[in-house]
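Build out the structure end to end from the sequences listed, making use of the hints.
The primary structure of each chain is shown beneath.
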Amino acid sequence: MSITNKITVKRAEIAVAVILALCSIALMIKSAENRITWNAEENMGAGFLPFYLSLGMLICTILTIIKFVLKRSPQSKDDTPFIDAVAFKFIAVTIISLVVLVLAIGYLGIYFSLIFFLAFYLRYFSEKSVAFITIFAITTPILTFLFFEWMLKIPLPQGISEPLFYPVYDFMYGGFSFAVKMIFIILTVVLPTALVFLTTRFIK
Amino acid sequence: METIGFLLDGIFTSLQWFNLALLIFGCLIGLFVGAMPGLGSVNGVAILIPITFIIPPTAAIIFLAAVYYGAMYGGAISSVMLGIPGASTAVATVFDGRPLAVKGEAMTALTAAAVGSFVGGTVSVILFTLFAPPLAEVALRFNAPETFALMVMAFATFVGLGGDDVPKTIFSILIGLALSTIGLDLITGKPRLIFFNIPGFLHGINFLVLAIGIYGIGEMLWTLEETKGKVQMSKLSVNMKEVGRAFGALKKTIMAMNIGSFLGFFVGILPAAGATPASLMSYGITKQLSKNSKEFGSGVPAGVVAPECANNSASTGSMLPMLTLGIPGSPTTAILLGGMILWGLTPGPLLFTQEPEFVWGLIGSLYIANFFTLVLNIALIPAFLMVLRIPFAILAPVIFVLCVTGGYAPTQSLHDVWLMLLFGFAGYILRKLDYPVAPAVLSIVLGPLAEKALRQSLILSDGSMGIFFDMSEKPIAAVIMYIAIVLLIMPAFGPLYRRLFKKKQPA
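Here the protein sequences line up with chains A and B, keeping their order. Here the numbering used here is used: position 88 in the first sequence is 88, and no number is missing along the way. Here the numbering used here is used: position 41 in the second sequence is 41, and no number is missing along the way.
Don't read these hints as lab results, they were simulated from the structure. Careful, some of the hints might be misleading.
Cut-off 20 Å, straight-line C-alpha distance, at most; resulting in silico cross-link-like pairs (PhoX-like, lysine-lysine) [what the hints assert, rightly or not]: (1) A:K89 - A:K6; (2) A:K77 - A:K6; (3) A:K89 - B:K228; (4) B:K432 - A:K10; (5) A:K77 - B:K432; (6) A:K71 - B:K432; (7) B:K432 - B:K228; (8) A:K6 - B:K432; (9) A:K67 - A:K77; (10) B:K103 - B:K294; (11) A:K128 - B:K228; (12) B:K252 - B:K241; (13) A:K89 - B:K432; (14) B:K190 - B:K452; (15) B:K252 - B:K291; (16) A:K77 - A:K10; (17) B:K190 - B:K251; (18) A:K71 - A:K10; (19) B:K190 - A:K30; (20) B:K251 - B:K241; (21) A:K67 - A:K10; (22) B:K252 - B:K103; (23) A:K153 - A:K181; (24) B:K432 - A:K67; (25) B:K294 - B:K252; (26) B:K241 - B:K103.
Set out below in structure tokens:
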């Protein structure tokens with residue numbers, strides 16, 4: 001891959017420093033929307049601290065750029081690739097799949113998005129069989145659901161899949177006895193977990 | 001005498017069945033995250049903090065402290081067996097642990113690490129019990145100026161002792177502080193830095209979003225790049241004879257234990273330092289002082305004991321300023337401190353009088369956790385070896401799931417999950433270019449507290465910065481400020497010092 005060879009540590013260092021400098025300037029401008037002055041009569045303006053903090057950031061990035069130009073930092077002399085081609089594939093696919101995951105959470109809801117995310121990720125990176133991946137991709141969201149919604153009572157986003165969960169909520173908060181709920185938990189949690197453990201040991 | 005009574009109360013608190021169950025569970029999780037390459041105490045604590053919101057603060061801190069502790073023990077497992085540190089705190093354990101494993105004495109190395117950790121943990125928790133109450137008493141007299149000066153010193157320690165590129169370190173501190181100013185201004189009530197008028201910024205940036213981003217997502221990306229999903233493991237034979245021989249070998253490591261325990265504790269107290277530099281320093285000093293320093297690096301038990309002892313000791317030490325002064329001593333305690341604020345507590349010396357159950361429950365639990373982790377560690381070595389065989393390609397998505405749910409849960413907004421991804425990716429890139437990330441996490445936690453202390457001080461002094469430097473009015477604040485200034489300008493004199501003294505003693 002030629003792209004990864006072209007992005008050397010040296011180029012990445014100066015590019016990042018320039019981007020950070022621009023971000024600092026943007027922060028300063030944004031802070032200046034509030035009063036940035038401070039004197040004994042009036043109290044400190046709301047923009048004072050963010051403004052001078054981002055000014056400090058700008059000075060630091062300028063120092064980094066000066067060090068780069070004078071070749072004082074180790075990065076300024078480093079012509080090795082910033083990232084090698086194999087690792088680049090790992091990182092790029094991971095980041096893209098995470099972005100797609102969060103996009104999907106907003107629409108599909110977290111539980112169904114997780115199934116697709118896990119199935120894709122494991123299929124792409126691991127050498128596990130389809131059987132293993134299927135079990136793993138389905139049990140993980142179930143465990144997540146029980147842990148957050150049942151134990152912690154924290155609702156996670158469900159997007160358009162929300163109506164599908166109404167029967168489950170009816171069951172969780174309905175008048176079922178403790179024993180029925182426990183049997184349900186054993187069927188949905190303990191068995192799948194045991195399955196996953198067994199499959200990790202025996203299914204390749 | 002009073003201390004002993006409190007301590008006994010604390011030990012009983014941590015022995016209540018709910019707390020004890022969480023403690024053992026925490027130790028196990030800690031051992032697990034410590035043992036996994038790429039995950040350390042700071043990652044475990046950052047990812048797990050959101051799930052502690054539903055339990056009482058005392059149980060939550062006992063759980064997280066056990067995770068912190070367990071990770072210090074667990075880090076040694078992958079350092080020895082895989083030759084890659086399980087956490088940055090166990091880097092120095094690789095130097096002698098790996099050669100021992102290659103020689104077929106992995107069990108000796110693992111036993112030495114566990115016992116070293118136990119000794120370091122026990123000595124430091126005793127020191128902790130002795131030092132904490134008097135320090136809290138002194139700290140009770142601190143007002144806003146002293147608190148602000150202490151925070152400046154914490155930031156200055158990163159610059160003076162962090163050893164990283166100075167402009168990049170300062171940048172990291174400032175960006176953390178700047179991020180902490182986002183949201184409504186405490187005093188004027190005006191919204192600050194609401195980018196693109198997105199309402200999600202109005203409630204500010206929760207430190208957890210940055211911590212999980214950097215230590216969850218960013219760390220996973222980093223580890224994916226380093227290992228590319230594959231690792232090589234040493235062989236291990238476990239039998240009682242080996243364990244017995246390992247204990248025999250420990251007689252020669254008493255000096256290493258002493259150095260590791262005491263040095264680790266005091267390095268841990270320093271704000272910027274924490275367990276990683278403590279373990280490296282302990283290894284270096286033990287090697288220098290040892291009679292057979294040439295054998296270090298080829299596999300001697302003392303070389304495993306020294307860093308392991310120190311990292312446990314430092315992890316306890318770093319909790320001392322967190323509890324007594326409200327200043328964290330390490331990245332992990334910075335996250336714990338943020339957690340304390342989220343649980344509704346005010347970190348600082350008042351905790352000792354207002355929340356004695358919380359403080360002493362934590363201290364008591366450290367004694368208990370030490371014992372349990374030692375037992376669990378040695379008993380479960382075969383189980384951890386199984387865990388280490390889990391391919392990284394399976395572990396990574398599970399961690400991502402925990403990060404996404406953990407980033408969402410505290411505020412229940414996807415806005416925070418997006419920010420977390422952004423911080424994770426940015427943190428990964430910046431870390432690759434040697435920008436230290438720990439100062440940013442520390443400063444986003446301390447930012448709001450520092451701002452409050454600064455503005456209160458300025459109201460006290462009618463707007464004059466002189467209040468921080470006035471030896472007659474506020475001597476403690478002034479002394480701390482001058483120390484901070486010395487720390488800040490120290491790196492500038494480093495090259496000068498080297499130039500002056502290198503000529504006199506040619507190497």
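Taking the hints in turn, this is what the structure says about them:
1. A:K89 - A:K6: Measuring from Cα to Cα gives roughly 15 Å; hence the hint holds.
2. A:K77 - A:K6: Holds. A:K77 to A:K6 sits at ~15 Å (cutoff 20 Å).
3. A:K89 - B:K228: holds (10 Å)
4. B:K432 - A:K10: Satisfied, since the Cα-Cα distance of roughly 12 Å is no more than 20 Å.
5. A:K77 - B:K432: holds (15 Å)
6. A:K71 - B:K432: holds (18 Å)
7. B:K432 - B:K228: holds (16 Å)
8. A:K6 - B:K432: holds (17 Å)
9. A:K67 - A:K77: holds (11 Å)
10. B:K103 - B:K294: Given pair B:K103, B:K294 holds - Cα atoms ~17 Å apart, limit 20 Å.
11. A:K128 - B:K228: holds (16 Å)
12. B:K252 - B:K241: Holds. B:K252 to B:K241 sits at ~19 Å (cutoff 20 Å).
13. A:K89 - B:K432: Cα-Cα ~17 Å, so holds.
14. B:K190 - B:K452: holds (15 Å)
15. B:K252 - B:K291: holds (11 Å)
16. A:K77 - A:K10: holds (6 Å)
17. B:K190 - B:K251: violated (64 Å)
18. A:K71 - A:K10: Between A:K71 and A:K10 the Cα gap is close to 10 Å, so the pair holds against 20 Å.
19. B:K190 - A:K30: With a Cα-Cα distance of about 13 Å, the restraint between B:K190 and A:K30 holds, given a limit of 20 Å.
20. B:K251 - B:K241: holds (17 Å)
21. A:K67 - A:K10: Distance ~12 Å between A:K67 and A:K10 Cα, so the pair holds.
22. B:K252 - B:K103: Roughly 19 Å separates the two Cα atoms, so the pair holds.
23. A:K153 - A:K181: OK: A:K153 and A:K181 at ~16 Å, within 20 Å.
24. B:K432 - A:K67: With Cα atoms ~17 Å apart, B:K432 and A:K67 stay inside 20 Å; holds.
25. B:K294 - B:K252: holds (15 Å)
26. B:K241 - B:K103: Holds, at about 17 Å.
When each numbered hint is compared with the structure, a violation occurs for hint 17 only.
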